[in-house]
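Residue numbers (my numbering), protein chains in the order written: chain A, 1 to 282; chain B, 1 to 156; chain C, 1 to 121.
Keep in mind that the hints were calculated from the coordinates and are not lab data. There may be inaccurate statements among the hints.
[Said to hold, decoys possible] With a cut-off of at most 25 Å between alpha-carbon atoms, the simulated DSS-like pairs for lysine-lysine come out as follows: (1) LYS220/A - LYS46/C; (2) LYS6/A - LYS98/A; (3) LYS130/B - LYS46/C; (4) LYS220/A - LYS193/A; (5) LYS19/B - LYS220/A; (6) LYS31/A - LYS6/A; (7) LYS19/B - LYS184/A.
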Amino acid sequence: MPDEIKTLSSQLAQDPDSLVFLRLGELLRQKGQFDAAHRVALTGLERHPHLADAHDLYARILADKRDYERAFDEWDMTLRIAPNHIGALKGLAFLYFKVGDVGQAVAHLEAARQHAPDDPGVAQALALAQGGGGPGGVPDAARAAAAAAEELAPAAPAAAPLEEARVFAGLEGAQEGLLLLDAKGQVLGGALKDPQGRDVTDAVAAYLAGVSHEAARTTKLLGLGRWTGVAAEGKLGHIHLTPPAGDAVLLVVRDRSVPMGRLAIIAQRAAAAARRWLELDR
Amino acid sequence: MTTRAVEAWTLEPLVTFVKEAGARLVLVMTSAGQVMAQHGFSRAVDVMSAAALGAAIIASTDEIARQLAQPPFAVLNHQGERHGIFLGAVSTGHGKLVVLVVYDLHVSSLGLVQLFFEQLTADLQAASPKEGVSKQVLAADFERELSESLNTLFGR
Amino acid sequence: MTGASRPAGYGPALDLVTRVRGVRGAMLVSGDDGLVVAEQLMEGIKGVAVAALAASLASRLRRAMEAAGLGVSLFWHLQCDQGGLLVVPAPSGVLIVAVAEPDVNVGLVRLELLRAAEAVG
Numbered sequence: 001m002p003d004e005i006k007t008l009s010s011q012l013a014q015d016p017d018s019l020v021f022l023r024l025g026e027l028l029r030q031k032g033q034f035d036a037a038h039r040v041a042l043t044g045l046e047r048h049p050h051l052a053d054a055h056d057l058y059a060r061i062l063a064d065k066r067d068y069e070r071a072f073d074e075w076d077m078t079l080r081i082a083p084n085h086i087g088a089l090k091g092l093a094f095l096y097f098k099v100g101d102v103g104q105a106v107a108h109l110e111a112a113r114q115h116a117p118d119d120p121g122v123a124q125a126l127a128l129a130q131g132g133g134g135p136g137g138v139p140d141a142a143r144a145a146a147a148a149a150e151e152l153a154p155a156a157p158a159a160a161p162l163e164e165a166r167v168f169a170g171l172e173g174a175q176e177g178l179l180l181l182d183a184k185g186q187v188l189g190g191a192l193k194d195p196q197g198r199d200v201t202d203a204v205a206a207y208l209a210g211v212s213h214e215a216a217r218t219t220k221l222l223g224l225g226r227w228t229g230v231a232a233e234g235k236l237g238h239i240h241l242t243p244p245a246g247d248a249v250l251l252v253v254r255d256r257s258v259p260m261g262r263l264a265i266i267a268q269r270a271a272a273a274a275r276r277w278l279e280l281d282r
Numbered sequence: 001m002t003t004r005a006v007e008a009w010t011l012e013p014l015v016t017f018v019k020e021a022g023a024r025l026v027l028v029m030t031s032a033g034q035v036m037a038q039h040g041f042s043r044a045v046d047v048m049s050a051a052a053l054g055a056a057i058i059a060s061t062d063e064i065a066r067q068l069a070q071p072p073f074a075v076l077n078h079q080g081e082r083h084g085i086f087l088g089a090v091s092t093g094h095g096k097l098v099v100l101v102v103y104d105l106h107v108s109s110l111g112l113v114q115l116f117f118e119q120l121t122a123d124l125q126a127a128s129p130k131e132g133v134s135k136q137v138l139a140a141d142f143e144r145e146l147s148e149s150l151n152t153l154f155g156r
Numbered sequence: 001m002t003g004a005s006r007p008a009g010y011g012p013a014l015d016l017v018t019r020v021r022g023v024r025g026a027m028l029v030s031g032d033d034g035l036v037v038a039e040q041l042m043e044g045i046k047g048v049a050v051a052a053l054a055a056s057l058a059s060r061l062r063r064a065m066e067a068a069g070l071g072v073s074l075f076w077h078l079q080c081d082q083g084g085l086l087v088v089p090a091p092s093g094v095l096i097v098a099v100a101e102p103d104v105n106v107g108l109v110r111l112e113l114l115r116a117a118e119a120v121g
């Protein structure tokens, strides 16, 4: 672990915008170096204020430092950005147990179970809270709180994106300029790199969580029918967003040398591939 | 974050508003500060103080409007560094209600809150029972009613 | 255009956009607040809703584009089967927004929005 901390620290020093601060902060937290973890998380948050995982990391560190009020705020913020964030739901459940509000704790654990039905920790904490483990059938809040507290341990690293070939077989840019997301901003396929070649998949996915809902809401309220795409031009490149099916969103990114019209054609092809893949996966 | 209501008819409009406006905290209360529904509060004491302060702001601005010989201000907004506070009044079949909204400037905006507040107003007006304004709370009943309301609002 | 609210100086900027065939309205929107600064809209278009929703979508796209290393957003177009929303963020933080019919000349609207953004400053 010390080697990994060293490696990650030097990566972060070379590229302060990198998302490695998430892993580094978590490792420091696990080692009990809370002040160092605090500094890493806070610096990361300053650079990525809209990244749910950054708020979650900071909340964990604050909870470790027993600063429960600010931890609550950070987990609350996490849920504002990513309403189904399992870490934040578990974290808030933990805090509610701490103040003896078993009802709220259970509500948050149930929400977590809905989105992570296979998480054994959530199931265990719920069973303790609901099972009447204490005398006279009263749920043993202390034991449930302890179980929920254990769940504050780092979550397993997110599963790697599905093999691009399965979704975008044969399409140009599948490894660095195509991304298929679900409504919650979870990556279903593809990957994204910035112009410097750094992997920005997770950060972009996080910011695009809910964009499908937002676009659909806008078109509905303005009476514009159904949204078919968003084309956007940046100083260094273009993006095209398409809803291939349901709430999923397909993002295609290219540099400015690719005209917007051509980008739309690439997006159409990728959307057809994504649609086929989503139908097969159903 | 959970949404809870003392008056069941306020729940659905409030849940929709919170989702669409991206509000962090919301209180729906009478102009006397009696809470009918809340979203996002974790402690009863916070609800009580927010309700009292919200009602006081509305009462103060109503009085300013009266002294200016104009109708009461429809909405008030205070914008801070990270959060905005929005206060609006809604006339329903159940009497005048006050809605206090705290929103995060990274997540929402005054425009979104205002837009969906219009929807909330319409939804509350449509959902409110038409039998008249809520009964006056007597001082003797106040503590019991407050305690019952807080129990409901925090699911106890 | 019927519904018009044009604080002094913004009228010519909005005129640049609304004169394009197929444009149903143009607005200046405060990007931070999602509030209307000036508008020139055809009957039936809800300016308040356009402002709030366009600003919200603009903010989300801006963050995503910055995270993708694409720099600041210069123009975006929400394409819908019954029309569209075309937006250019001005450096001042104001958004210049056009509400358009589906068959509008997007290239021309984009150019006029960019010119309007320059005029607004």
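Right, here's what the structure says about each hint:
1. LYS220/A - LYS46/C: holds (12 Å)
2. LYS6/A - LYS98/A: Violated: LYS6/A and LYS98/A sit about 35 Å apart, past 25 Å.
3. LYS130/B - LYS46/C: Violated, at roughly 30 Å.
4. LYS220/A - LYS193/A: violated (33 Å)
5. LYS19/B - LYS220/A: holds (16 Å)
6. LYS31/A - LYS6/A: holds (13 Å)
7. LYS19/B - LYS184/A: holds (14 Å)
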